[in-house]
Structures are given as C-alpha cells and as structure tokens.
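Top line first, the protein sequences correspond to chains G and B. Read in my numbering, the first sequence has 198 at position 198, and its numbers run on one by one without any break. Read in my numbering, the second sequence has 154 at position 154, and its numbers run on one by one without any break.
Since the hints were made in silico from the structure, they are not lab data. One thing to keep in mind: the hints can contain errors.
Unchecked claim - What follows is a list of derived Cβ distance ranges for each label pair: (1) A287/G x H333/B: 29 to 39 angstroms; (2) Y103/G x E169/B: 48 to 58 angstroms; (3) E270/B x Q46/G: 22 to 32 angstroms; (4) S123/G x E270/B: 45 to 55 angstroms.
Unchecked claim - Keeping only pairs whose Cα atoms sit at most 25 angstroms apart, straight-line, the calculated SDA-like set for lysine to any residue is: (5) K51/G x K93/B; (6) K252/G x D284/G; (7) K120/B x Q128/G; (8) K307/G x E322/B; (9) K264/B x I54/G; (10) K39/G x R198/B; (11) K264/B x K252/G; (12) K300/B x I281/B; (13) K264/B x Q35/G; (14) K39/G x G256/B; (15) K93/B x N304/G; (16) K264/B x R253/G; (17) K307/G x I129/B; (18) K51/G x Q189/B; (19) K195/G x R253/G.
As the list claims (entries may be wrong) - Sample of chain G residues at the chain B side, in silico, Cβ under 8 angstroms: (20) G62; (21) I66; (22) S123; (23) R124; (24) A126; (25) L175; (26) E182; (27) V297.
Note that beta-carbon positions come from the ideal geometry of N, C-alpha and C, so glycine has one too.
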Amino acid sequence: MPVQTVREALRDAMAEEMRASPDVFLMGEEVAEYQGAYKVSQGLLQEFGPKRVIDTPITEMGFAGIGSGAAMLGLRPIVEFMTFNFAMQAIDHILNSAAKTLYMSGGEIKCPIVFRGPNGAASRVAAQHSQCYASWYGHVPGLKVVSPYSAADAKGLLKSAIRDPNPVVFLENELLYGQSSEVPEGADVTVPIGKASIVRQGRDVTVVAFSIMVGKALQAAEKLAADGIEIEVIDLRTIRPLDTETVIASLKRTNRLVCCEEGWPFAGISAEIAMVVMEQAFDDLDAPVMRVTGKDVPLPYAANLEKLALPQIDDIVTAVKAVCNKG
Amino acid sequence: MAVAAKKKDKPGGTPEPTRDDLLGYYRQMLLLRRFEEKAGQMYGMGLIGGFCHLYIGQEAVATGIHAALGQGDSVITGYRCHAHLILAGSDPKAVMAELTGRAGGVSKGKGGSMHMFSEKGHFFGGHGIVGAQVALGAGLAFANWYRGNDRVAVAYFGDGASNQGQVFESFNMAALWKLPAIFVIENNQYAMGTSTARHAAIRELYRRGEAFGMDGRQVDGMDVIAVRAAAEDAVAHCRSGAGPIVLEMMTYRYRGHSMSDPAKYRSKEEVARVRAERDPIERLRDHLVENKFADDELFKEIDKEIKAIVNEAAEFAQNSPEPDPSELYTDIHVN
Ligand SMILES: Cc1ncc(C[n+]2csc(CCOP(=O)(O)OP(=O)(O)O)c2C)c(N)n1
Ligand SMILES: [Mg+2]
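Modelling step: build the complete structure from the supplied sequences, incorporating the hints.
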C-alpha cells in the first residue's frame, strides 16, 4: 500500500471528490494561490481553476454563510478555516444555519457542506490559536463531527464527509499533517462516519482517544507493555455520532477505561463517554473511568508551561496504572 | 470623500516637528527595526517559537501616530505588536523576554509574540484574531466617551483585517455615537499572501467608513512626518467631539507575514524597490542630513546606543528563567 502524509491524503480526498462531482468546490483563506496556509490544497488551483478553488478575504462569518447558502441550493462546498480558532467568527452559521436548517424546514432544506481545517494546539502559538473544538461542535444536533488520526482515515473520512448530505465539521491537526502512513488506493475507498477503530488490541484497559491523542496513546501502550500492561487503544475517528458500541464492547473485555483528549476537561468528550458508560455499562466497570485532558487553563506560550498544559504520554501511563490500581 | 476636509477641524495648527522631535523619531524607528531584526535572528536560533510577526518596514506608522498621542490615550492592535508596545513605554528587555517565553516577559511568558499588553502604557494588546482589535478599540473609545474625558483610542489593523464584518459593525456604532476612535489601517499591501487587489472590492481603504459618514484619509505611511501630521489632525478631530476617523497608512512589510512565511507571492524586486525608494528610516535620515540636524557622527552614536539596548534585551531574554510551573494556574480569574 502506498504511504502518504495526512496532508497529501486530505488533498487527494478533495481532488478525487472534485473530479467526481462538479458541485464540489473549495473556499477559504489562502487555499488557492498560496496552496493552503499549511499546504493542504497543494495543486488544487492548478487542476480545478479559480472558480472551484477560491481565495476568500479574511471574513469567516461571511464565507461560512456563503458556503451554507450555496449548499442549500445543492452545491457541495468545502469551507477551509485556516484554523478552527478562526471558525469562532463563523460558528453562528455552522450551528444556526448549517446544523439546524433541515430540522427547521421539516426535512425540506439540506445543507451538505464540509467545514474543515486544523484544530487544537500546534506548537507555541498560545491561547487564542490552540483550542480544541471537538466538544463544542460535538454538542450540536444536526452536525456530524469527524476528527481522524491516520492518513488513511483522513482521506476516507473526508471523502465520506464531502459525500454526506449533512453538514460535517472536520477537525484536522496541524502537527499530524506531516505524519505518514499507508493509504489504500482507489477513488472508491471511503471510511464510514460514525465508526471507531481499534488501533491496538489489549486485554487490560480500554484507552479511548482521537486525533493527535491516538499517537500519544499508542506510545503509552508501548511503555505500558514493558510493564506488562496491555491496553486496547480505540481511535474514535468520529465525535458525533459517537461509536459507543465499539467503546462498550471493548470495555466489556477490559473492564477499565481511560479517555484522552487534548481539550479542556469541563464538559469534554471524555465526560460524555464516562456518562454513556455509566448509563450503558456500569456493571462492567472494575474501576472508576479516568480522563487525561488538557489542563483547565488557556494555553500558555512559555515552552515549559505549554508542555505542562497539554496531555502527555506519561499522563496516560499514570492514568492507566491508576485504573489498574498500580499507581 | 472628505480626504482633506478634516484640516479645518484642527484647532490652531500643529507646529512643525523640531530637530529634537525628529531625532527622537529616528531613534525610535531604528530601535524598532533593530529590535525586530534581533527577534528574527533569535527565532532562527530556536529561542523564539510559534508565530512571530515582524514590523520591519512599517516603523513610521506606529512612530508617527505615537508622536501625536498624549498621556492616557489608548492603543490596541493585532499580533504584529512588538513595536506598538515598545512605543507605549514597555522595556525592550521585557518585550524580548516575552518573545522567548520567560518569567521576565511583559506577560510573564504566557502570552508570547502575539499577546503583549501594558496597563500602564494604555496598550491593550496584542490580539490574535484578525479584526477583533477593531471592536475592542471602539470599546476603548467608548469608555473615554462614557467618562466624558478628552482621551482618544487608536485601533490599528491590517488591510486584510479591514474586511472583517465586525470592523463595519464597529464603524457604524463609533460613528453613530461619535466615539473618539482613530481607526488606523496599516495597509502593507498584503494579508498574508493575498494582495489588496485580490481581497478588497474597492482598494481605497480610507473610504471604508464612508457608508457611516466617517471621514478618512490616505497617508504615506513610510513618511513619519506625514504620519505624525495626519495623526495630529485625527487626534484633534476626535478630541473636539467630532467622532471617529479612518487613517489608511500606505506601508509595506519587508519580511514574510510571519517567520514561517517564505513570501513567494511577491518578487524580490518588489521588496528591493520599496526598500530602496521608500524606506522610512532612510528617508528620515536624509531629511535630517538635508536640514543639517545630524551628521554621520551623530548617526554612529545613535547606532551604538540602539545596538546596546537591543543586545541588552537579547541577553536578558535568554537569561531570564522560564516561568515557575505554578504560573500555569495563576491569572485565570481575578481573585
Ligand atoms: C479571524 C482570523 N482569521 C484568520 C487568521 C489568520 N491570519 C493571521 S494574520 C492574517 C493576515 C492578516 O493580514 P492583514 O490584516 O493585512 O495584517 P498584516 O498581517 O498584513 O499586518 C491571517 C489570515 C486570524 N488570525 N484570525
Ligand atoms: Mg496587511
């Protein structure tokens, strides 16, 4: 299988879907001539021209609304936010226009749009440029929310998102763009939205993660294996709809659960998973669920503080040992 | 529209800048230039991380505006903020230490290059979200208006930022309520890689307030004397209660958008031409020489003086310790 970076996989997903349907177009800041602020749209302007790969002014609310309106008339916009921090300017359209229109129209008006871009912390970019929006968007009925880790999932899920008749928020991660992994060939290969994947099997503890935290969980797994603890790592891949089935099936085997996310703990994805587990699998728990999250602070710039604020591999190791009573 | 009409609002007329004034601006601009060059070097050495946006080329704008402001006037800008903060009176050492993320930094290392403030200097940031500072700046003007003092607020923003929706919302309210706000558009011709021709339907950005009856002027932002004159007028206009005003400063950034931008969207010749023909520091230097206000010896002395300040700042920024880990949890709420 060919190996690709997440960046290339995302680009190929867009290119293939744009070839397949003339209704698909990409717009956002610096997506065309600059080839993407993070070079994700490399080559797309050259192949598809300026009508389908559109540089916008810095006007997130405006172009998120224009995209949503175009989607209501049947186009399939991919709206890139330079990062999701800037989608805060546009969140009203994502929620009030894109997510709710189908419901408000009694099922008449669809809004098939993808909002995508990097989410979460990058490197030393401080408080206003480093937020994880998984739980913000995950909160909203009417949205689908996807956050892949591997290149294959990035490609397959983005293709599914573009084909999906619903608004999809697609949360990428800048630090993952350059990471490579195997990606199956073929324009027909997609990954379904709403399905988690077990990326490492283990009998002792279920560790749930998404996006960049999957990599950290896998590294924690290596360390823990050296201590004789085998963790099962689940990559959620989709935040909404959440694949609780896969999580609970794993928990029934391991009876212990640790949830990881980069975002803040309060009302986070981990909190949601813990609640679902209480509701649906309380009797399968041998220990309280633990979570490994970003600290409950705005992200600091200083290198040492940034490291302390973000969840690290060793935090996962510690949490896993704690649920095993081996702290 | 009323590009020149505002002159008449000026009570009296501002005196020409004196030799001392001009030498002061020269020193300030040179300090900003050398400070940023040093920051660029330190970024290259890995001592500064994240996004770092340099002000090189645009020095005359903040310097000329600063010259027209008085005690208690407020200033706010975006992420390209090192210069504005230094002019507001912050110690270059503490500014550089913020860039290196150290305890001695103006924000204790927590804010970094994009987020620096000075309550004492009435400098309110240092904002990373493009356009946000415009509404905040109108809010600073609102506070002055509310208190009934004669202070003004300056909100700096870029040509790219001038397209954000909240800019127009703020313009409308500022004009409606006659807030003492000076909206300074630092038109450096590019928003990251997008030239004004590709992002603005009408490129005369000083006209952006017309729909709200707001006056605007376009100014050569590479000429500190012209900037100061326009700023004096604007300040007088605001202090007189005539409401907000737009100043479009025609300027240019020599470096990439940030340290991570290779700036392939423009030619080397374009940059070289601006440097050769319009450089604000060279222009003031020529003016000083023509008027026999300074000679080579004095320039050398100033060079030395500035070099010492910048070196001291760099030294301090590298030797200041990292913030204490306990700082992670401080400053989240006022206790
Ligand atoms: C709301 C928002 N959108 C996008 C960005 C990313 N961004 C940072 S600076 C910038 C370009 C701004 O250009 P301009 O306003 O002309 O200011 P300049 O950098 O030239 O000083 C962009 C797109 C951001 N920080 N905030
Ligand atoms: Mg600009």
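- Query: Which hints from the list above does the structure break, by number from lowest to highest?
  - Reply: Hint check: 2, 4, 5, 11, 16, 21, 25, 26 fail, others pass.
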